[in-house]
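Number of protein chains: 2
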Amino acid sequence: MPAHERYELIYWPFLPGRGEYVRLLFEETRTPYVDVARLPESQGGGVAAIQRYLSGSEAGVPPFAPPILRVGDLVIAQVANICQFLARRLELVPAEAGLQSIANQLQLTIADLVAETHDTHHPLGVSLYYEDQQEAARERARLFRAQRLPKFLGYFDQILARNESSHHEYLVGEGFTYVDLSLFHTLRGLSHAFPNGYARATERLPNIVALRNRIATRPNIASYVASARCLPFNEHGIFRHYPELDHD
Amino acid sequence: MPAHERYELIYWPFLPGRGEYVRLLFEETRTPYVDVARLPESQGGGVAAIQRYLSGSEAGVPPFAPPILRVGDLVIAQVANICQFLARRLELVPAEAGLQSIANQLQLTIADLVAETHDTHHPLGVSLYYEDQQEAARERARLFRAQRLPKFLGYFDQILARNESSHHEYLVGEGFTYVDLSLFHTLRGLSHAFPNGYARATERLPNIVALRNRIATRPNIASYVASARCLPFNEHGIFRHYPELDHD
Numbered sequence: 001m002p003a004h005e006r007y008e009l010i011y012w013p014f015l016p017g018r019g020e021y022v023r024l025l026f027e028e029t030r031t032p033y034v035d036v037a038r039l040p041e042s043q044g045g046g047v048a049a050i051q052r053y054l055s056g057s058e059a060g061v062p063p064f065a066p067p068i069l070r071v072g073d074l075v076i077a078q079v080a081n082i083c084q085f086l087a088r089r090l091e092l093v094p095a096e097a098g099l100q101s102i103a104n105q106l107q108l109t110i111a112d113l114v115a116e117t118h119d120t121h122h123p124l125g126v127s128l129y130y131e132d133q134q135e136a137a138r139e140r141a142r143l144f145r146a147q148r149l150p151k152f153l154g155y156f157d158q159i160l161a162r163n164e165s166s167h168h169e170y171l172v173g174e175g176f177t178y179v180d181l182s183l184f185h186t187l188r189g190l191s192h193a194f195p196n197g198y199a200r201a202t203e204r205l206p207n208i209v210a211l212r213n214r215i216a217t218r219p220n221i222a223s224y225v226a227s228a229r230c231l232p233f234n235e236h237g238i239f240r241h242y243p244e245l246d247h248d
Numbered sequence: 001m002p003a004h005e006r007y008e009l010i011y012w013p014f015l016p017g018r019g020e021y022v023r024l025l026f027e028e029t030r031t032p033y034v035d036v037a038r039l040p041e042s043q044g045g046g047v048a049a050i051q052r053y054l055s056g057s058e059a060g061v062p063p064f065a066p067p068i069l070r071v072g073d074l075v076i077a078q079v080a081n082i083c084q085f086l087a088r089r090l091e092l093v094p095a096e097a098g099l100q101s102i103a104n105q106l107q108l109t110i111a112d113l114v115a116e117t118h119d120t121h122h123p124l125g126v127s128l129y130y131e132d133q134q135e136a137a138r139e140r141a142r143l144f145r146a147q148r149l150p151k152f153l154g155y156f157d158q159i160l161a162r163n164e165s166s167h168h169e170y171l172v173g174e175g176f177t178y179v180d181l182s183l184f185h186t187l188r189g190l191s192h193a194f195p196n197g198y199a200r201a202t203e204r205l206p207n208i209v210a211l212r213n214r215i216a217t218r219p220n221i222a223s224y225v226a227s228a229r230c231l232p233f234n235e236h237g238i239f240r241h242y243p244e245l246d247h248d
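Chains as they are written, first to last, in the working numbering: chain A, 1 to 248; chain B, 1 to 248.
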């Protein structure tokens, strides 16, 4: 990689959010990256950095929303797109095109689960506060915990159960890929947001429970999660713990 | 392409839905394909065909949901993933990797718009009838028409406005790509679902209005849309016209 081609991640500095899916690829591979918006504004950071990209005053095709990745002249957005690009460079996906398509398919299914998780606390619109859509949120969260969460998690458990080539340890092909990192983070987030719903949904899903533990104990991931670089979940992101949305 | 490598699309036979984004790539390029679930069950079609894939009794990694593409031994799902794969083969995207990442970024942004459009009539959950979530749907649709629809359409208009290399005619690079087809179909769907909201949102967006007309008059697209192969929008798909969701 030429020296000027440093990796820059541009994402909200206050929450793990969707940026976390990108950070995990860098952290797992110990690839240096600049978490631009977490720098002070005097160093080109802060929310102002994000605004420069969204407003089109930076190079490239403006993104609709962060996370944004900049590498040299390339500026790209959308989590699954950024992860696909980085995984090829960082060797977190097999070189075979068919397996890359399967990886992308599963990554996009994770993205769908993440979007549905977000909408449990924002079922009516992102411009309203949670408190102003709480009644609808309770109903959406109830259906999510009862139906969607078990369906999605059961699906990923089944993918592992069927993947004999990895001895049921990883989702795609024979070995570890970025999709395993993304599922790991999603499981972390879901168990934070819905401790009751998550415990119930995973009771009979040994493969994803084992995957979560397997990834959590990878040395670079364990050391990252314990570090100050890893932002805790909070009530500004996707995975929010509102006890009233996790009741039976 | 070897003779056994025919393209098979597996999607609900009753609605255009997300399958339409895949069909348009075949239709534009006059590539033969089998619309499997629209065949009679006696020929391996019908909803039973979809169920075989979802239950894992067909080859490959089971998809979470249709549309599904089968080409020889490869079975893949997720619209943006299928379109990315097909666009490379059918030359509906430039060969340059950076432009393919931009195309995928915009395609995923279209997918986000499509998901938000769907949720205007299903804000609480896909397992409930529209009639049982109509009050929440009115509020979500109101915010969608007032905020999200103008934001998304304004975004795509701006992408065209900035793309001097295509003389503002196409979204990615210098020429026509699959992303233009997907935006075209999305605009068709939005104008069907929200005739008032769409008219207002596009009043000052000449670039996307022109793009829609430009794609509609491509000979293969015009002839497809006029054919019986092109299923009309209806109240079972993503783009549903409920007048009460398009009121001011």
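In short, the hints are calculated from the structure, not lab data. Please note that the accuracy of each hint is not assured.
[Said to hold, decoys possible] Pairwise CB distance ranges, derived in the manner of DEER restraints:
(1) B:97 / A:228: 28 to 36 Å
(2) B:128 / A:162: 26 to 34 Å
(3) A:196 / B:127: 16 to 24 Å
Note that this is a predicted model, so its numbers are computed, not measured. Cβ atoms here follow ideal geometry from the backbone N, Cα and C, with glycine treated the same way.
Checked hints:
Checking the proposed 28 to 36 Å range against residue 97 of chain B and residue 228 of chain A shows it holds: the Cβ atoms sit about 35 Å from each other. Against the hinted window of 26 to 34 Å, the Cβ-Cβ separation of residue 128 of chain B and residue 162 of chain A comes to about 31 Å, which satisfies the hint. Evaluation of the 16 to 24 Å hint for residue 196 of chain A and residue 127 of chain B yields a pass: the beta carbon distance comes to about 20 Å.
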